[in-house]
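**Student:** The UniProt record's numbering numbers the first residue of the sequence shown as 1 and each following residue consecutively.
Treat each hint with caution, since some may be false.
Below, in silico cross-link-like pairs of lysine to any residue (SDA-like), each with a Cα-Cα straight-line distance of 25 Å or less [unchecked claim]:
id : residue 1 : residue 2
1  : K486      : H160
2  : K367      : T460
3  : K459      : E293
4  : K20       : N114
So the derived label-pair ranges between C-beta atoms look like this [said to hold, decoys possible]:
id : residue 1 : residue 2 : range
5  : P452      : H60       : 45 to 51 Å
6  : T267      : N67       : 48 to 54 Å
7  : E106      : I285      : 36 to 42 Å
8  : D69       : Q436      : 55 to 61 Å
The set of hints was computed from the structure by calculation and includes no laboratory data. Don't be surprised by glycine CBs; every beta carbon is placed ideally from N, CA and C.
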Amino acid sequence: MDNRKLKILFVSSEVEEFSKTGGLADVAKSLPIELRNLGHEVKIITPFYRTINHREHAQHRFNLTLNTDYSRPDVQFQVQQLDLDGIPVLAIDNEHYFDRAGLYGEDNHAYQDNGERFAFFCLAALQTCEADDFTPDIIHCNDWHTGLIPYLLKTRYHDHYRFTHTKTVLTTHNACYQGIFDKSQLNLIPEVSSCMDERVLENYNYINYLKVGLTYSDKINTVSPNYASELLTTLGSHGMSNHFLSRIHDFEGILNGCDYNDWNPETDTYIPANFSADDLSGKAICKEALQKEVGLPVSDHPVFGMVCRLTDQKGFGLIIPMLDRLLKHNLQLVIVGSGDPAITGQLNAIMSHYPDKFKFIDIYSNKLSHMVEAGADFFMMPSIFEPCGLNQLYSLAYGTLPIVRGVGGLKDTVLDYDQDPEHANGFVFYDPNPNQLLNLLRRVLLLYVEHPEEMLRLKTQAMRSHFYWSDAAKHYAHLYYNALYKHQNW
Numbered sequence: 001m002d003n004r005k006l007k008i009l010f011v012s013s014e015v016e017e018f019s020k021t022g023g024l025a026d027v028a029k030s031l032p033i034e035l036r037n038l039g040h041e042v043k044i045i046t047p048f049y050r051t052i053n054h055r056e057h058a059q060h061r062f063n064l065t066l067n068t069d070y071s072r073p074d075v076q077f078q079v080q081q082l083d084l085d086g087i088p089v090l091a092i093d094n095e096h097y098f099d100r101a102g103l104y105g106e107d108n109h110a111y112q113d114n115g116e117r118f119a120f121f122c123l124a125a126l127q128t129c130e131a132d133d134f135t136p137d138i139i140h141c142n143d144w145h146t147g148l149i150p151y152l153l154k155t156r157y158h159d160h161y162r163f164t165h166t167k168t169v170l171t172t173h174n175a176c177y178q179g180i181f182d183k184s185q186l187n188l189i190p191e192v193s194s195c196m197d198e199r200v201l202e203n204y205n206y207i208n209y210l211k212v213g214l215t216y217s218d219k220i221n222t223v224s225p226n227y228a229s230e231l232l233t234t235l236g237s238h239g240m241s242n243h244f245l246s247r248i249h250d251f252e253g254i255l256n257g258c259d260y261n262d263w264n265p266e267t268d269t270y271i272p273a274n275f276s277a278d279d280l281s282g283k284a285i286c287k288e289a290l291q292k293e294v295g296l297p298v299s300d301h302p303v304f305g306m307v308c309r310l311t312d313q314k315g316f317g318l319i320i321p322m323l324d325r326l327l328k329h330n331l332q333l334v335i336v337g338s339g340d341p342a343i344t345g346q347l348n349a350i351m352s353h354y355p356d357k358f359k360f361i362d363i364y365s366n367k368l369s370h371m372v373e374a375g376a377d378f379f380m381m382p383s384i385f386e387p388c389g390l391n392q393l394y395s396l397a398y399g400t401l402p403i404v405r406g407v408g409g410l411k412d413t414v415l416d417y418d419q420d421p422e423h424a425n426g427f428v429f430y431d432p433n434p435n436q437l438l439n440l441l442r443r444v445l446l447l448y449v450e451h452p453e454e455m456l457r458l459k460t461q462a463m464r465s466h467f468y469w470s471d472a473a474k475h476y477a478h479l480y481y482n483a484l485y486k487h488q489n490w
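Assemble the whole structure, with the sequences as input and the hints as a guide.
**Tutor:** Below you can see the structure in the form of structure tokens.
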């Protein structure tokens, strides 16, 4: 049964190599490649944003028309084709919806019509599938942006020959983002805007795209086993626990993998010296290069790194209150990222008092991200919640010991030194309290200063922790088969 090769349509609002704001893009690149490597036929659908990379290589495929009701003009759009390691990427091109400076918003503010934009995207994705003469066994939807696709398949497309046997899987990458909009944004889908089912239109007035996707998908999952457990609780579910509990028999957590083609210290072209678990000498060169790159004095003091979006989720409510006390110690800290202007202002103010110890770089830079992972001694991820997390996986690969809060996928991937010194690959704390974080950082500092040989052992051990996308892809394939065999036999 599990040897049948599937046709998989992977629908995502962003795909690494072409567009990216977070970890969703990494998954949308790596998972389809590994599914293809298992022998499945995979196609990807994503928006053709103004800022999409490699647009000069796009090949025009279709001119299509989205038919609407009589009260609105039809919507014209094009489909451009790009290539991801031999996998066709069909990009939905519409000037009104996607010719913008950002993917979802600008200047830290979401676009007001995001509900309409991604309602259009869901409709256009299904129409593109038809135009491409592709009959998928599975449509793999990702996050709220694609949440209307399972609903459309069970309503408008219920009797459509193309999708008679198609099943849907919805992956929730971050349940904090749910896509909640007034029904006025649903004019492209009049059967939704006039729907009298509260599972679709809450109070008959607004829609939660993620909730609709969870309700109508054949199978649902999230990106780590521990986050799946958290989503079943009131505290950890962002208000969605009842919806996950109602689908508990169709719900599981599948841990993300790490793309070791991009994140491998033995082959990384962004760093000045390559190194491995058997020869860590290049890591010292990377540390010195990082210090010089960001303008810190070259020293043997431990370097702590962070690369992330500046949001409350990432734990800045824990970091900022204790940062002044931390920087009294002999260490250096490098934070790279952009986001919340309030967090940016606080970090800049603290940096001005510790110019030789703390550098905050208010940009996202792929090169600098690699330099931090390679050159830092420790990587901080004190997240309030973290569905899976990828940077701790990158850090492990580079022997940069992660310091994490024990939530979501961080708990699944980082083993704490105090709990299990023999098998540890990092450091974990649990209480979301600035003092608890500071206490852990001080213990880490003491270990660094007093036991350098133990630090070397830990770094080597971390580098031998591996999380492969090929393993994750096998779990997803099993989920697909379960979705197909749930209702029918092949």
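**Student:** If a hint holds in the structure, say so; if it doesn't, say that too.
**Tutor:** To see whether the hints hold, each was checked on the structure:
no.: 1; hint: K486 - H160; verdict: 20 Å, holds
no.: 2; hint: K367 - T460; verdict: 24 Å, holds
no.: 3; hint: K459 - E293; verdict: 23 Å, holds
no.: 4; hint: K20 - N114; verdict: 17 Å, holds
no.: 5; hint: P452 - H60: 45 to 51 Å; verdict: 59 Å, violated
no.: 6; hint: T267 - N67: 48 to 54 Å; verdict: 49 Å, holds
no.: 7; hint: E106 - I285: 36 to 42 Å; verdict: 39 Å, holds
no.: 8; hint: D69 - Q436: 55 to 61 Å; verdict: 56 Å, holds
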